[in-house]
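Novice: Protein chains in written order, with the working numbering: chain G, 1 to 330; chain C, 1 to 330; chain U, 1 to 330.
Rather than coming from a laboratory, the hints here were simulated on the basis of the structure.
Given the structure is predicted, the values throughout are model-derived calculations rather than measurements.
It is possible that some hints are incorrect.
Copies of the same chain look alike in the list, so a pair counts if it fits in one copy or across any two.
As the list claims (entries may be wrong) - In the EDC-like style, the derived pairs of lysine to aspartate or glutamate whose C-alpha atoms are separated by at most 16 angstroms in a straight line are:
#	residue 1	residue 2
1	K195	E94
2	K195	D206
3	K195	E68
4	K195	E21
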Amino acid sequence: MQGEFSLGELAVRFGLELRGEPELRVSRVATLVHASEGSLSFLANSRYRRQLDTTRATAVLVAPADAESCSVAVLVDPNPYLAYARIASLIHPEVRAAPGIHPSAVISRGARIAATVTVDPLAVIEDGAELGDRVHVGPGCVVQRGARVGADTRLAARVTLSAGVRIGERCIIHSGAVVGADGFGFAANAGIWVKVPQVGSVRIGDDVEIGANTTIDRGAIDDTVVEHGVKLDNQIQVGHNVTIGAHTAIAGCTGISGSATIGRRCMIGGMVGIAGHLTIADDVVITGCSLVSASINQAGSYSSGMPTVQTRAWRRMVAHLRRFGEKEHR
Amino acid sequence: MQGEFSLGELAVRFGLELRGEPELRVSRVATLVHASEGSLSFLANSRYRRQLDTTRATAVLVAPADAESCSVAVLVDPNPYLAYARIASLIHPEVRAAPGIHPSAVISRGARIAATVTVDPLAVIEDGAELGDRVHVGPGCVVQRGARVGADTRLAARVTLSAGVRIGERCIIHSGAVVGADGFGFAANAGIWVKVPQVGSVRIGDDVEIGANTTIDRGAIDDTVVEHGVKLDNQIQVGHNVTIGAHTAIAGCTGISGSATIGRRCMIGGMVGIAGHLTIADDVVITGCSLVSASINQAGSYSSGMPTVQTRAWRRMVAHLRRFGEKEHR
Amino acid sequence: MQGEFSLGELAVRFGLELRGEPELRVSRVATLVHASEGSLSFLANSRYRRQLDTTRATAVLVAPADAESCSVAVLVDPNPYLAYARIASLIHPEVRAAPGIHPSAVISRGARIAATVTVDPLAVIEDGAELGDRVHVGPGCVVQRGARVGADTRLAARVTLSAGVRIGERCIIHSGAVVGADGFGFAANAGIWVKVPQVGSVRIGDDVEIGANTTIDRGAIDDTVVEHGVKLDNQIQVGHNVTIGAHTAIAGCTGISGSATIGRRCMIGGMVGIAGHLTIADDVVITGCSLVSASINQAGSYSSGMPTVQTRAWRRMVAHLRRFGEKEHR
């Protein structure tokens, strides 16, 4: 299921500088350490640079600065990781499922399904749901009433799309993700919580990827919005009425409280906690495990959290902080 | 699927003061910003107060202090959010599924199922499971041996209730939630972990809501207990033998370690970590991303965590703390 | 479904010292507080020691130091929790499902399934998947193309094993877990993210337990590896190309970023955030809610995080830290 390509062909197709024999052929990708003859590797993280000396790859994608250090053929590009992504997609193309609906899937008569769709075993497509061209619904997925899925989107296994949510084109949604569960909205009544109906929906743009077991809640009134090109890792929680701007990427386990508005092209690390009703500007970087409790109005890099030290030292830090908590010093 | 009501009718039904024409009619809810003619809106968070000036809502629910500022009709109540919750439930009532068992569901002969139950496609109900009146089991749910579900409870899609767990009445459990997986219990034997059988169960009270992909483990010996009226957001982890007191609300991504006891009417923010074998008193508020490593014996508001600053400033904070960790300063 | 045993029999079988009548019989386990006649209890955590005075258990497993304090029969062992784990497994043995494939399961013709396997309702086993002897696939599970599952492994309900992953023998994987979703890999191209194909797989050793809704991503090129005897709690996120060393135990909600290497016999608390491309030595203990942003090269106990205090005191701590962030103090 993978192709074989000459280095010359790859250099031409992707506009790369080749230093080495154009007739050499590669048929798979490999890490520098585990490469063998016929492998293409890459160097994108300088901490692995020493591995260039000993790699058995047939060729390595490198930045210009690293081209000299390599004992094997190199394909040179200012962004070797991007070139790698493209070549890897060529060598290991995604296997497209054949169109067709498995007989064990339960498709409501009121669903509108393009002829080119693939529906795997034991999926459920409810009334009024719409699946665009070449949509692939994996095994055990549930697409509820009126949910719409754009062309070429792929749902892995056991994905839930709740009633009325809209998913764009070319999205990938991984197993266990839940799009459109009720937001967490309750009004207090003398110590008892009264549920606030969550009548909004979720709108996901095109080219969005949503990780395994990530949850994106439907809006309370207006919709929760994830714009084009956003990439969400696994186990992220997106509260009701959040907006995530186009091309923002968020790492795993991050939680975003209701009505937060996140800008475009942000990069947010793992396990970041973002409070509700705040705004994060475009082009903001937030490092992992930060706690964002106020708006961030300017592009730049932001952090919080106490890095790990020996438990004994940590106890002293904590004691120090407690003293400052007990009364105002100075 | 939504009703239309006059302001006069709403004022009478919910005991609200009306300032405006009683004949005006509303047929949907909307945010202040997106409201149009026929919409009912509300103001419950002062940060949105300026939106009263420009809203096109037909009427707005407000607190007495805000009644003057509004250019359109107002319905006045000391708790406008609660009034909104009730009116929104009236205008947008939940659609109740028709009773019946989809032929693709797999129902064990030993299950006891009320005649008024709805079971959606591809659900599994195992031996000895009991479903009370008007229970709704969504598509792809699994109700395992001997699990019991009280009247009027609704399981969304792909919920797992493990063997023997008990769910009260009028609960809502969202997609992907898992109630009753084994607790995390292992005894050390010379560097090898030996599994401790988890023979307890889970008891969930009435009127509990459990968010998408939240997990509540079964007890090691005694049961894990979630009392009446508790509201759990998405992706919360509740360890074995935890007790959560009645009417406590917990936001998303919070983790509660084994044998913690949480009081009644607590409000716990998102991504809070709660250590095991501790007690939290009634009426405690814990802000988001806090780390609770010791019991909290008194009602009040508690916090921890370092709010996010520019990464450069954060590095200096961390260096400062490290110095205090290295030796005891005075 | 549980056996009854005399204390004498238990003492002999497990090599325990018995102080009490050997003819006394126990038929269930119980906590000290809730024990009644016929119950076996244990004391492993000194904070519960006072409960020895009033317990109604027929017998209690204790360490030698506690043997005197107990008013009822005692079985004495230096590691009473381990002895408890073994006796509890004897008294409450796991019920093994009868072999057989439920007719509603969808088994591809190209799957290789041992005759002794149990496949529950509505499971999906795709082409090329292999299930070893006595494997139990729970209801609603999905085993995708070419995934292999070793003998005596049990998948609870709604587990996803993605294409090509390998699971060892005697593993337990709890409901909602996803093994083998794509890692989070994207190359930047002028503000747009280009997907990097995730062509590696996941290898899980023998005797591994994986908690509910935990996610373990497939490798980008090489495999993600979880070695023998590892125990993972619920809602853990394991990024691509992580290695977790044998017999390490990790508590719930912890997130491990890509290419982190974790040693053997580590104990990692809940909600710990571990950055990518770092190494943690063998025998490291990390307390809950720590942020690990650099390698840990030596065995020992490590911590971070600010324990919770009253919100008012916390505000002062934060103000203090901010001052140190603003400029370098001396």
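Novice: Look at each hint and say if it fits the structure.
Specialist: These are the hints, each one checked on the structure:
1. With identical chains, the CA atoms of K195 and E94 are at most 16 angstroms apart between copies only, with a shortest distance of 11 angstroms across copies and 44 angstroms within one.
2. When the C-alpha separation of K195 and D206 is checked against a cutoff of 16 angstroms, the pair qualifies only between copies, where the shortest distance is 14 angstroms, while the shortest distance within a copy is 32 angstroms.
3. For the homomeric pair K195 and E68, neither the shortest alpha-carbon distance inside one copy (65 angstroms) nor that between copies (28 angstroms) is at most 16 angstroms.
4. Proximity of K195 to E21 under the C-alpha cut-off of 16 angstroms is found in neither arrangement, the shortest distances being 68 angstroms within a copy and 29 angstroms between copies.
In summary, the numbered hints that this structure violates are 3, 4.
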